[in-house]
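A.B. asks: Just need the whole structure built from these sequences, with the hints factored in.
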Amino acid sequence: MATTVPREFEQFVAQGIASGRFRSEEEAATEAFDLLRRREQKLDVLRAEIQIGLDDIEAGRVVPLDSEDIKRRGYERLAAEESVDS
Numbered sequence: 052m053a054t055t056v057p058r059e060f061e062q063f064v065a066q067g068i069a070s071g072r073f074r075s076e077e078e079a080a081t082e083a084f085d086l087l088r089r090r091e092q093k094l095d096v097l098r099a100e101i102q103i104g105l106d107d108i109e110a111g112r113v114v115p116l117d118s119e120d121i122k123r124r125g126y127e128r129l130a131a132e133e134s135v136d137s
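Sequential numbering from 52 applies to the sequence shown in the numbering used here.
Treat the hints as calculated values from the structure; they're not laboratory data.
Treat the hints with care, as some may be off.
[As the list claims (entries may be wrong)] Below, simulated SDA-like cross-link-like pairs (lysine to any residue); rule was C-alpha separation at most 25 Å, straight line:
#	residue 1	residue 2
1	K93	E78
2	K93	D106
3	K93	I103
4	K93	E82
[What the hints assert, rightly or not] Here are the computed distance ranges between Cβ atoms for each label pair:
#	residue 1	residue 2	range
5	S118	L97	49 to 55 Å
6	G104	R128	21 to 27 Å
7	A130	A69	20 to 26 Å
8	R123	L87	38 to 44 Å
Here a beta-carbon is modelled for each residue, glycine too, at the ideal position from N, C-alpha and C.
C.D. replies: Here you go:
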C-alpha cells in the first residue's frame with residue numbers, strides 16, 4: 052500500500068527522519084498505524100468494561116455510593132501509608 056504524507060504532517064515526519072527518530076516516511080506511517088491500532092484496542096476494552104458496568108446496573112448488581120465512607124477509608128489508607136514511611 053502506497054501512502055502519501057499529508058501536507059500538515061510533512062514537517063513533523065521530516066524532522067523525525069532528520070533526528071533519527073524514523074528511518075523513513077514508511078517507518079513513521081507504520082508507527083502511526085501501530086499507535087492507532089493500540090488506541091482502538093484500548094477503546095474496545097474500555098467499551099467492554101463499560102458495558103459490563105451497564106449490564107450490572109440493569110441487573111440490579113449495584114452498591115450504594117457513600118462518599119463520606121469513601122473519604123474516610125481514603126484518609127485511613129493515607130494515614131497507614133504515612134505511618135509505614137515514618
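A.B. asks: Against this structure, judge whether each hint is valid.
C.D. replies: Now for the hints, and whether the structure bears them out:
Distance hint between K93 and E78 is fulfilled; the C-alpha atoms sit about 23 Å from each other, no more than 25 Å. With a C-alpha separation of about 20 Å, the suggested pairing of K93 with D106 holds against the 25 Å cut-off. Restraint check: the Cα-Cα separation between K93 and I103 comes to about 15 Å, which is no more than 25 Å; the hinted pair holds. For the hint pairing K93 with E82, the CA-to-CA distance comes to about 16 Å; that is within 25 Å, so the pair holds.
Taken as a hint, the range 49 to 55 Å is violated for the pair S118 and L97, whose Cβ atoms sit roughly 24 Å apart. Remark: the range hint 21 to 27 Å for G104 to R128 is upheld by a beta-carbon distance near 24 Å. Checked against the hint of 20 to 26 Å, the pair A130 and A69 fails, with Cβ atoms roughly 53 Å apart. Evaluation of the 38 to 44 Å hint for R123 and L87 yields a pass: the beta carbon distance comes to about 43 Å.
Checked against the numbered hints given earlier, this structure breaks hints 5 and 7; the rest are met.
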